[in-house]
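Asker: Residue-level listing of the chains:
There are 2 protein chains.
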Amino acid sequence: MSYLNKITSPTLLLDEKICRANLKNMADKAKRHGKKLVPHFKTAQSHQIGEWAKEYGITEVTASSIKMAEYLSGQGWENIHIAFPFNPLEIPRLNKLAATQSISVQLINPVTTQMLVDKLEHPVGFFIEIDAGYGRTGVEVSDFGLIEEILRTAKKSDKLWFKGFYIHAGHSYYIKDIPGLYEQTRNALNMLKFKYQSEYPNLVTRTGDTPGCSVMEDFGDIDELGPGNFVFYDLMQVVLGSCDREDIAVALAVPVVDIKKDRKEILVHGGGVHLAKDVLVDAHGTKNFGEVVILNENGWTIPKEKSFLKSISQEHGIIQASDELINSVKVGDVLGILPVHSCMTADCMGEYMTLDGQLVDHAEGK
Amino acid sequence: MSYLNKITSPTLLLDEKICRANLKNMADKAKRHGKKLVPHFKTAQSHQIGEWAKEYGITEVTASSIKMAEYLSGQGWENIHIAFPFNPLEIPRLNKLAATQSISVQLINPVTTQMLVDKLEHPVGFFIEIDAGYGRTGVEVSDFGLIEEILRTAKKSDKLWFKGFYIHAGHSYYIKDIPGLYEQTRNALNMLKFKYQSEYPNLVTRTGDTPGCSVMEDFGDIDELGPGNFVFYDLMQVVLGSCDREDIAVALAVPVVDIKKDRKEILVHGGGVHLAKDVLVDAHGTKNFGEVVILNENGWTIPKEKSFLKSISQEHGIIQASDELINSVKVGDVLGILPVHSCMTADCMGEYMTLDGQLVDHAEGK
Chain A
254 MSYLNKITSP TLLLDEKICR ANLKNMADKA KRHGKKLVPH FKTAQSHQIG EWAKEYGITE
314 VTASSIKMAE YLSGQGWENI HIAFPFNPLE IPRLNKLAAT QSISVQLINP VTTQMLVDKL
374 EHPVGFFIEI DAGYGRTGVE VSDFGLIEEI LRTAKKSDKL WFKGFYIHAG HSYYIKDIPG
434 LYEQTRNALN MLKFKYQSEY PNLVTRTGDT PGCSVMEDFG DIDELGPGNF VFYDLMQVVL
494 GSCDREDIAV ALAVPVVDIK KDRKEILVHG GGVHLAKDVL VDAHGTKNFG EVVILNENGW
554 TIPKEKSFLK SISQEHGIIQ ASDELINSVK VGDVLGILPV HSCMTADCMG EYMTLDGQLV
614 DHAEGK
Chain B
254 MSYLNKITSP TLLLDEKICR ANLKNMADKA KRHGKKLVPH FKTAQSHQIG EWAKEYGITE
314 VTASSIKMAE YLSGQGWENI HIAFPFNPLE IPRLNKLAAT QSISVQLINP VTTQMLVDKL
374 EHPVGFFIEI DAGYGRTGVE VSDFGLIEEI LRTAKKSDKL WFKGFYIHAG HSYYIKDIPG
434 LYEQTRNALN MLKFKYQSEY PNLVTRTGDT PGCSVMEDFG DIDELGPGNF VFYDLMQVVL
494 GSCDREDIAV ALAVPVVDIK KDRKEILVHG GGVHLAKDVL VDAHGTKNFG EVVILNENGW
554 TIPKEKSFLK SISQEHGIIQ ASDELINSVK VGDVLGILPV HSCMTADCMG EYMTLDGQLV
614 DHAEGK
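The listed protein sequences correspond, in order, to chains A and B.
With our numbering, letter number 234 in the first sequence gets 487, and the count goes up by one each step, no holes.
With our numbering, letter number 344 in the second sequence gets 597, and the count goes up by one each step, no holes.
Since the hints were made in silico from the structure, they are not lab data.
Quick caveat, the model's predicted, so the values are computed rather than measured.
Hints are all accurate, no fakes.
Dumping the calculated DSBU-like pairs for lysine-lysine here, alpha-carbon to alpha-carbon at most 30 Å:
1. K408(A) to K372(A)
2. K583(B) to K349(A)
3. K517(A) to K320(B)
4. K320(B) to K270(B)
5. K448(A) to K514(B)
6. K408(A) to K514(B)
7. K540(A) to K429(B)
8. K349(A) to K259(B)
9. K259(A) to K320(B)
10. K372(B) to K583(A)
Negatives, chain B to chain A, calculated, CB over 12 Å:
11. S255
12. R273
13. K277
14. A280
15. R285
16. W305
17. E308
18. T312
19. S326
20. P432
21. Q450
22. P454
23. V491
24. R498
25. E577
26. G610
Where is the CB? At the ideal position from N, CA and C, for every residue including glycine.
Based on the provided sequences and hints, a complete structural model is requested.
Answerer: Here it is, written out as structure tokens:
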């Protein structure tokens, strides 16, 4: 039975072949460069997709909250890293989790470090997150005073051990010069490694952002790569040059509920609660909340003429349709929408349907 | 035990007193004007809050999807209206639901109407949704040809019965002149009522949008009011003049994980997966994803000097803090965030915690 017959309401489709190809490509690239790939599972948030990842040699993953790490634990991962500045209120949960699962956390200040020193019951590794100019979070790369205060504090515990330095080069999402940016990241991490390696001979450096990991071929001495979005990709990554539309592994299936032929508009059941509200805005100010693909029994095809979601509200989406689409679509049809930001769409939807109609798990709750 | 001791990770707080006051105010206003209040439960999506609503004389509610209607059914509502252009793929689900719960749907084209005529197994009411210039969805107010085609088609069934006309004056969210807009809405609904009342003597007219229902005092001959957001309100409604900050009934509790005192920035665990990405942009282009309130054992207080979320990503939020806040906050504290769009935040979070630490339900899944 085709997955198509099962769809009556908004459903997040997952093309396993594309997803596996994305995993394989990134795993091959990491291997080619002698790097360890530790994917960020904030995108997939899935046991099933974790099993696929293991087939490409992936042994560790990253989560963005302790709740997500709890969800991913118990699946045989050699380590789960929580790539979010650790929240000291969650030490009791961390103690429980770390009793059965190898965990590492991210530290950026001595206050939280000291609380871990005081209360940690099981060994936990930590990365120091470095802010290489992005400004969202992390210790400034030249703030050796702060780095050393964190390291000194951590040394007071026999359970808290230093893994290395982590940079999320998140500015690759809005700075065009990814090679230039990677040079900064490489230089920052190399400098830190060189400076602290004698004291911590096993320290590693990790960077992870999908645009960088997708387009770069020179990672220098960085040890580990931690991209997340590449598992599915999305329209934002197409715009950034990380992938082609054909590499996007998820599409939101949306039922057509009305057609305004004169305005070339199609009203679908698919809005902010399904896709999230991430949007691409072009040079003319036109908003794009997702692009139409044509569903068929084997998956979807990308039409030559673009049709896109020009506006969304909580449950509604309005598609600006191409001539071809407006002339062929009917009320009761189901269209596919390539999302602007697949991590957010997957988080909204909370599960996937594969092209053979099987449901694939996604972590629930916040 | 205070709710505060229970919070270790992002949690959506609900102040029952404020929520009940909002319900009471709107119910009193509807009664004062002789209108029937049928709240849109896309905001609350909750059995518990439904029980509170009943205490203020509310007997019917509206949902925005069949899934939400299924969730709200079986709770003694005299009718649940699904205020979304009906999706014909969901007729089997509608048949199942309408077997035990009085349901009405929204129709805007004869295609879907005919499918219902062919397949409906139980009585279902319908509103025709009118587009009074908003342009999102609905039959144009002067398109009598289309209105009558829908009515003629529906008459072929003894199960599909016409309730009346529905306008969602959604442009009240971006047009300043709400009284002018209401005059249009009133005129449109009155004209339609006058035109079709002889044939359908029981037809009613309904409009529902929180800004209009909050600020207007003249609803003319409109029979029913259907606002949703007023149950919680939010910062967008404050900007629109629908309410004060003190009327906002929900706040996202977010743990403080880092402080950059020199930049007056506070990093919290609270991002797009918790709040959604709705944003207010002021005249200077400054973005505001939510405003800080100070939590205490009894709820929260609104500080005089504003601190606000200036940027969010999937899990991170960065607060631009006031002098007072930056000088008092500590890592491990929990702050409250008044959301920009409470419907979306509640949908992201999937449950509430009251100020006595009890969990309140919210529909799950899409």
